[in-house]
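Participant: Quick note, the sequences are listed as chains U and R, same order.
Taking my numbering, the leading residue of the first sequence gets 1, the next gets one more, and so forth.
Taking my numbering, the leading residue of the second sequence gets 1, the next gets one more, and so forth.
Any given hint might turn out to be false.
Far from chain R by the CB rule (all over 12 angstroms, computed), these chain U residues [unchecked claim]: (1) Leu254; (2) Arg255; (3) Gly276.
Once the Cα atoms are required to be at most 27 angstroms apart in a straight line, the calculated DSS-like pairs of lysine-lysine come out as [claimed, not checked]: (4) Lys137(U) with Lys100(R); (5) Lys139(U) with Lys100(R); (6) Lys192(U) with Lys252(U); (7) Lys139(U) with Lys192(U); (8) Lys196(U) with Lys252(U); (9) Lys137(U) with Lys196(U).
Simulated from the structure, these hints should not be mistaken for lab results.
Quick reminder that beta carbons are idealized off the backbone N, C-alpha and C, glycines included.
What follows is each chain in one-letter form.
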Amino acid sequence: MNALLFSSLVLITSILAGFLGALTGLGGGVVIVPVLALIFRIDLHYAIGASLVSVIATSSGAAASYVRDGYSNIRIGMFLEVATTTGALLGAWLVAKVAPSSIAVIFGIVLLYSAWSSLRKHAETLNKPHAGSLSAKLKMSGSYPVGKGREEYVAENVPAGFGIMFVAGTLSGLLGIGSGAVKVLAMDQVMKLPFKVSTTTSNFMIGVTAAASAGVYLSRGYILPGLAMPVMLGVLAGSLAGSRVLIHARVKTLRAVFALVIAALGVQMILSGVTGRL
Amino acid sequence: MALSDQRLEIAMGHMLRIGVTVAALVVLAGGILYLSQYHGPIPDYRHFHGAAATYESVSAVVAGTLRFNSRSLIEFGLLLLIATPIGRVVFGVVGFARQKDWLYAAVSAVVLGVLLFSFFTKR
Numbered sequence: 001m002n003a004l005l006f007s008s009l010v011l012i013t014s015i016l017a018g019f020l021g022a023l024t025g026l027g028g029g030v031v032i033v034p035v036l037a038l039i040f041r042i043d044l045h046y047a048i049g050a051s052l053v054s055v056i057a058t059s060s061g062a063a064a065s066y067v068r069d070g071y072s073n074i075r076i077g078m079f080l081e082v083a084t085t086t087g088a089l090l091g092a093w094l095v096a097k098v099a100p101s102s103i104a105v106i107f108g109i110v111l112l113y114s115a116w117s118s119l120r121k122h123a124e125t126l127n128k129p130h131a132g133s134l135s136a137k138l139k140m141s142g143s144y145p146v147g148k149g150r151e152e153y154v155a156e157n158v159p160a161g162f163g164i165m166f167v168a169g170t171l172s173g174l175l176g177i178g179s180g181a182v183k184v185l186a187m188d189q190v191m192k193l194p195f196k197v198s199t200t201t202s203n204f205m206i207g208v209t210a211a212a213s214a215g216v217y218l219s220r221g222y223i224l225p226g227l228a229m230p231v232m233l234g235v236l237a238g239s240l241a242g243s244r245v246l247i248h249a250r251v252k253t254l255r256a257v258f259a260l261v262i263a264a265l266g267v268q269m270i271l272s273g274v275t276g277r278l
Numbered sequence: 001m002a003l004s005d006q007r008l009e010i011a012m013g014h015m016l017r018i019g020v021t022v023a024a025l026v027v028l029a030g031g032i033l034y035l036s037q038y039h040g041p042i043p044d045y046r047h048f049h050g051a052a053a054t055y056e057s058v059s060a061v062v063a064g065t066l067r068f069n070s071r072s073l074i075e076f077g078l079l080l081l082i083a084t085p086i087g088r089v090v091f092g093v094v095g096f097a098r099q100k101d102w103l104y105a106a107v108s109a110v111v112l113g114v115l116l117f118s119f120f121t122k123r
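So here's chain R without its partners, still in its complex pose (with noise of 0.2 angstroms):
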């Protein structure tokens, strides 16, 4: 079956709603644990640590949630909410392919791989 633009458009917009609504429960459930249980002075914010303080990596941050480590928690649902955009980039790939449009399934290609590029590259 044929695939209007249309109607990829409004998978897209569904998609998208869909993703950032699970994001956002999940970094406010984070939120919440993380406020309940951290009654101390706000970390220094105001001078930059560089890397070492955050963020490791997608097996970290799902490893922690396991464990309800608000942190992770929270860095859980930011991670689904950056996966929101890529998986409309995915959508776009197959939906192109699908309606049989090589070229703009390759220009959606190309998006998709500059988005891994900025995932998967150690700096």
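Next up, chain U with everything else stripped away, as it sits in the complex (with noise of 0.2 angstroms):
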């Protein structure tokens, strides 16, 4: 295969992959390192390193326009960073010490749990606001838009939505993805933050958390140019071009069809870890 054909194949999955990273609500990341793996046959250091590089450029590709509606709370993203990065760190270091092999089962784990998920109905329980006096110290509240007005939220159980926060961070640095839904689950299940302001926020952070790692992995030689261009090129426009079907169309089947492929993704991925084909 030359080199203008490989890359346009890749180029055509990663927009797909993007696609479908932002239906679900998941990023690009967990799809496009199973199909590289498993279709293309790509060694997984170097699938890895390409997708964590398309989860910077999305996270910070859909920035703008979240940032604009007001649901992203910057104090509380930042301080949860201080979690994901260090994890991330840990994650990125992990992945020389760590058997390939071990590495497919675990995402083919936060796949399964990724594609749960997805799928589970969010309500909407707004408790009323008893902060800790940690939450309070850290300034850890705010309001979002519901209707025409204003709610106010603030954070719960701090310390624990920080300790996940760090194991987000370490599967982040370990799988190139941007854990989203783990970051989603520290904030609306145990911070209980409204799930508008976890989604966005967790969006904000991934790109950040993202970052970390990548030092570990330029230095490491994870992240090879000729397979990385097509993957962020491709992923980038991909989610953006999800996220604004999004807007226009009622998406609930398609969600429920997309959270079984990447179900199927993830049962893959643990078979070929336990066989030893990754």
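Fit the two chains together into the complex; they arrive one by one in their own frames, and the hints show the way.
Facilitator: See below:
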């Protein structure tokens, strides 16, 4: 296969992955890594490296639109980035220590969890703000637009949320993904933040988290220019298109179908890891 | 002048969008150059070759970019891309300091420290 044909195939696949990632809200990384590894038979290190770059692009590219809506919370985001970036350093360091077959199995589990979490119903339960003293000291509260007015919220269980964010960062660094599903788990389920605030703040954090692994990835040679180029451009284009479709279309059925695709990729990754094919 | 959170966030959002746009254009230019010059079979991506094969340092990438080396140009675009979220954190340090929110200026500085550690530690 020559370079032009290969780059074109990877580009088209990446556009699809970015599109699918945006529609499911999971990000392009969780789709592109298994596809590169399982279908294109690319070494897992290179697949992870190319994906990480695309994750930074997607997070930054989407920023301007969700910032305008006033849902994301920069203080909560910045504070939790202390956990995600240190976790990402650990994860990126672990890539060289953990066998690729084990990384594949972990990846598969994260895929299955992500598929499940994208299908779960998100009941918007706003509890009365009763912040712990830590949350108050850290000014982890805010308000977000609901209908005509604004609704107040306060972060709860800050230490537990911080801990889960560290795990999210480690997974991001180890697998080259944004691990948005785990970040949303920490904010939405544990810290009891409104779902919209959780998802937008998570998107904001993903780029910074991935940048923390990128330095390690570069110096270890995981990021190949010839491969990262079509992956980054494709995933970015696909995810921008996907987020536009999201605004205009009801995608419930589509989302269910895609969640099944992601679950199937997860099973495939686990099998490949267990049988030692990756 | 006090800088409201909303304005700080919007400034960050603009910065991210501009950064990613410029980075994508540079990567695209490098990619077009790469594909127009290189017609051979694809390199071996199936096996990991370690750190030797790729990226050396920022100065090497810049030097290669100035020679219009296609791989260096792509790498330069990727460095711009990675610098974008780091720039956002720098924005955070400055913005929170202007609000005299020293706690969050410090939190942002810690995040910045972790990011810089990732880039400037030699392994």
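Participant: Far enough from chain R: is every CB of that chain over 12 angstroms from the CB of Gly276(U)?
Facilitator: At about 15 angstroms from chain R, Gly276(U) clears the 12 angstroms cut-off, so the statement holds.
Participant: Quickly compare the C-alpha distance for Lys192(U) and Lys252(U) to 27 angstroms and report which way the hint goes.
Facilitator: holds (24 angstroms)
Participant: Given the proposed pairing of Lys137(U) with Lys100(R), does the C-alpha separation stay at or below 27 angstroms?
Facilitator: holds (16 angstroms)
Participant: What's the verdict on Lys137(U) and Lys196(U), does the C-alpha distance respect the 27 angstroms limit or exceed it?
Facilitator: Within the cut-off at roughly 24 angstroms; holds.
Participant: Does Lys196(U) pair with Lys252(U) here, judged by a C-alpha cut-off of 27 angstroms?
Facilitator: Given pair Lys196(U), Lys252(U) holds - Cα atoms ~17 angstroms apart, limit 27 angstroms.
Participant: Verify that the Cβ of Leu254(U) lies farther than 12 angstroms from every Cβ atom of chain R, and report whether the claim holds or is violated.
Facilitator: holds (26 angstroms)
Participant: Verify the proposed pairing of Lys139(U) with Lys192(U), using a straight-line Cα cut of 27 angstroms.
Facilitator: holds (15 angstroms)
Participant: Just to be careful, I want the Cα atoms of Lys139(U) and Lys100(R) compared with a cutoff of 27 angstroms; is the pair within it?
Facilitator: Measuring from Cα to Cα gives roughly 14 angstroms; hence the hint holds.
Participant: Is the Cβ of Arg255(U) farther than 12 angstroms from every Cβ of chain R?
Facilitator: Non-interface label on Arg255(U) holds, nearest chain R Cβ at 26 angstroms vs cutoff 12 angstroms.
The structure meets every hint from the earlier list without exception.
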